[in-house]
Amino acid sequence: MSAVLQEAAEGFSARFRKLAPRLPGPAEARLRAASSFRARGFPDTRDEAFRFTNLRPLADLSFAEPDGADEAALALLARVPASEWPCLVFANGRFRAERSRLPDDYHVAAFADEPVLDSIEAEESAPLTALNTMLAEDGGVISVPAGADAGTLVLVSLGAGEDGRAVDFHPRHRVILAAGARLALIEIVLGEGVYLHNPVMEASLGAGARLMHVKLQNESARAFHLSSLHVALDARAAYEGFSLICGARLARSEIHADIKGTGASLAMNVAQLLDGERHADTTAFVRHLAPGCSSRQAVKNVITGRAQGVFQGKIAVARVAQKTDGYQMNQALLLSDEAQVNSKPELEIFADDVKCSHGATVGALDPEQLFYLRSRGVPGDEARAILVRAFLAEMLETVPHEWGRSVLENAVDTWWKDRPL
Amino acid sequence: MALLEIEGLRAEVEGKEILRGIDLILPIGEVHAIMGPNGSGKSTLAYVLSGREGYRVTGGAVRFEGRDLLAMEPEERAASGLFLAFQYPVELPGVGNANFLRTALNAVRRARGEKEIDAVNFLKEARAALRRLSMADEMLKRNVNVGFSGGEKKRNEVFQMALLKPRLAILDETDSGLDIDALKIVADGVNALRGKDFSALVITHYQRLLDHIVPDRVHVLSAGRIVRSGGPELAKALEASGYAGLAAEAA
Chain A
1 MSAVLQEAAE GFSARFRKLA PRLPGPAEAR LRAASSFRAR GFPDTRDEAF RFTNLRPLAD
61 LSFAEPDGAD EAALALLARV PASEWPCLVF ANGRFRAERS RLPDDYHVAA FADEPVLDSI
121 EAEESAPLTA LNTMLAEDGG VISVPAGADA GTLVLVSLGA GEDGRAVDFH PRHRVILAAG
181 ARLALIEIVL GEGVYLHNPV MEASLGAGAR LMHVKLQNES ARAFHLSSLH VALDARAAYE
241 GFSLICGARL ARSEIHADIK GTGASLAMNV AQLLDGERHA DTTAFVRHLA PGCSSRQAVK
301 NVITGRAQGV FQGKIAVARV AQKTDGYQMN QALLLSDEAQ VNSKPELEIF ADDVKCSHGA
361 TVGALDPEQL FYLRSRGVPG DEARAILVRA FLAEMLETVP HEWGRSVLEN AVDTWWKDRP
421 L
Chain B
1 MALLEIEGLR AEVEGKEILR GIDLILPIGE VHAIMGPNGS GKSTLAYVLS GREGYRVTGG
61 AVRFEGRDLL AMEPEERAAS GLFLAFQYPV ELPGVGNANF LRTALNAVRR ARGEKEIDAV
121 NFLKEARAAL RRLSMADEML KRNVNVGFSG GEKKRNEVFQ MALLKPRLAI LDETDSGLDI
181 DALKIVADGV NALRGKDFSA LVITHYQRLL DHIVPDRVHV LSAGRIVRSG GPELAKALEA
241 SGYAGLAAEA A
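Line by line, the protein sequences give chains A and B.
Note that my numbering numbers the first sequence so that position 386 is 386, with each residue one more than the last.
Note that my numbering numbers the second sequence so that position 104 is 104, with each residue one more than the last.
Warning: the hint list may mix true and false statements.
Claimed, not checked - Here are the computed lysine to any residue pairs in the SDA-like style, where the Cα-Cα straight-line distance is at most 25 Å:
1) B:Lys165 with A:Leu396
2) A:Lys344 with A:Glu65
3) B:Lys141 with A:Phe391
4) B:Lys141 with A:Glu397
5) B:Lys141 with A:Arg46
6) B:Lys165 with A:Phe391
7) B:Lys141 with A:Lys344
8) B:Lys153 with A:Glu368
9) A:Lys417 with B:Asp118
10) B:Lys165 with A:Gln369
11) B:Lys141 with A:Lys18
12) B:Lys115 with A:Gly68
13) B:Lys115 with A:Glu65
14) B:Lys141 with A:Glu65
15) B:Lys141 with A:Arg405
16) A:Lys18 with A:Glu65
17) B:Lys16 with B:Tyr88
18) B:Lys16 with A:Asp366
19) B:Lys184 with B:Gly147
20) B:Lys153 with A:Lys18
21) A:Lys417 with B:Lys115
22) B:Lys141 with A:Glu402
Hint data in this document are derived by calculation from the structure and do not stem from the laboratory.
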């Protein structure tokens, strides 16, 4: 690790030593994470998993705890589309019960009241998760009983720097679906100003459970978003994710999936829509540990300005995981000369009867299509917007949740209005 | 009065001169055919008139209703009433036909200072136009030209033309690849628009389309110049003698 990043990491370790007495939950798990984070710190670009994403800008800032009022963050609620669903609101990482609406037919609690920390085994290879485990103070615990259909739950995370101060927060969410349970989780992440948002979500899907996860991440061009999703699937369980990532100064979204039961499936559909100096990185680690499972990651990047998009996906297929069906695709539309995309698929296969494929495409807008639209009277800017929207259509139109789809579609439409191409 | 006046138009593609001085006057309300062998510059003329990139005008002028057409962006040309029916209509995956058409119609209306059309009235108009063209409503739900057969693509062009109601349509080999039924539909679509507010340049290689869209005049293009002009009988004569004889005659 580089010296400056080491110094930055040391700042967080020192914070942990100061806060340790007040942090909820088992001290042992905290100490283990702290020692793991101290050993690894913030990875630099010599670390293969961070080859395309340099955390170095983190070291230029000094972060502090939010003051607890979180007014600037709460003000962002005005930008969250209204809905009737149960809704959990977090401002700078803290659960705001007074702004939330709890469901009455299944269990939801604050992490502070049910601080389970020891369910992740991947910390050794996931330093950002270790940082979260070390400092997590709040989050949501959502638990759906066997066979129940919980309908839709909205999870809102708002972040904002305070009076020129950079703040950091590390919420810890858990989603537990017992056998046969179902949930549609719509996550909306918005932010303003300078801050570090380092959430971890653990999702545990029992046999035959289904989690639909729609996520809009649209944070400030000066913020850091380092999120990790750890999902474990039992037999026939299904995780279906749809993410629209508008990024931050630096947004890293890690997905760690353990496919543990026969016949389970994991699908991630991601769109990264980036402008200016933004950098967004989606990195997936998928472990196939049982036979007859499928995993799919399809990432679409639309990049303009000097922004950078990254997709890395590692699929590891254990010897026992015969008949695995793995698929990865990374497509990019580069709208400016300086826009950049990096792609790295990785396969590690120990079974001998599997189907794994990956691909990548990079291109600009097609001049023939542009001319066709303009010849029908559509002005150049509008024609470009239509074609970009069409590129994203495959991802947007397949979102099976109507309201969730409209949240993502509106975000894309607003993105245009603010940024004529 | 002339709707379109082309005067000594010269244009090149990748440094190669394709149009070598075209003179043509299209009066309001008339339909003219432009015929000629492959490589004579027919499609280049269509693209230069509609403003496609990659074509460099090196001389001459084009006036459309008295305005300098060549100075306008492609979308401005469309808004002022020019429509190109493409020889090879472009596929737009992810763009629904209905949405595409309404966007186009409203862009043109906006540019003309007219009110935009709402979704309900648009669908009414679109369905009526489809019926007139013996086309299925299902056309509206599909992505623009994606998975369309050659004939469907050409019919979709005529459908767009019917909705956008141009003052000048340029049909670039709209008959190529069409069977006789589709050819009739296309011709009916054009004939339905004929009148004092509609003019067309029908670019074709073959005479057969002109049996259905009877032109007021026929121009023969060869090596980037109009070498002969005449009435509809000229097309018939060409059908009999072929372009080869004509080129020899012109030389």
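Proposed proximity, A:Glu397 with B:Lys141 (alpha carbon, max 25 Å):
Holds, at about 14 Å.
Taking only the CA atoms, is the gap from B:Lys141 to A:Arg405 under or equal to 25 Å?
Distance ~19 Å between B:Lys141 and A:Arg405 Cα, so the pair holds.
Can you confirm whether the C-alpha distance between B:Lys141 and A:Glu65 stays at or below 25 Å?
violated (53 Å)
For the pair supplied as a hint, B:Lys153 and A:Glu368, is the alpha-carbon distance within the 25 Å limit?
holds (16 Å)
Satisfaction of hint between A:Glu65 and A:Lys18, Cα-Cα up to 25 Å
The hint holds at about 12 Å.
Compare the distance between the alpha carbons of B:Lys141 and A:Phe391 with 25 Å, and conclude whether the hinted pair is satisfied.
Since the Cα atoms of B:Lys141 and A:Phe391 sit roughly 18 Å apart, the hinted pair holds (cutoff 25 Å).
Satisfaction of hint between A:Leu396 and B:Lys165, Cα-Cα up to 25 Å:
Between B:Lys165 and A:Leu396 the Cα gap is close to 33 Å, so the pair fails against 25 Å, i.e. violated.
Pair hint B:Lys115 and A:Glu65, alpha-carbon separation not exceeding 25 Å:
Measuring from Cα to Cα gives roughly 54 Å; hence the hint is violated.
Restraint status (C-alpha distance of B:Lys153 to A:Lys18 at most 25 Å):
violated (70 Å)
Hint consistency between B:Lys165 and A:Phe391 [alpha-carbon to alpha-carbon, up to 25 Å]
Judged against 25 Å, a Cα distance of about 30 Å means the pair is violated.
Check the hint pairing B:Lys165 with A:Gln369 against an upper bound of 25 Å on the C-alpha distance.
It holds: about 22 Å lies between the C-alpha atoms, which stays within 25 Å.
If you draw a straight line from the CA of B:Lys16 to the CA of A:Asp366, is it 25 Å or shorter?
holds (24 Å)
Consistency with the previously given hints fails for numbers 1, 2, 5, 6, 7, 11, 12, 13, 14, 20, ordered from lowest to highest.
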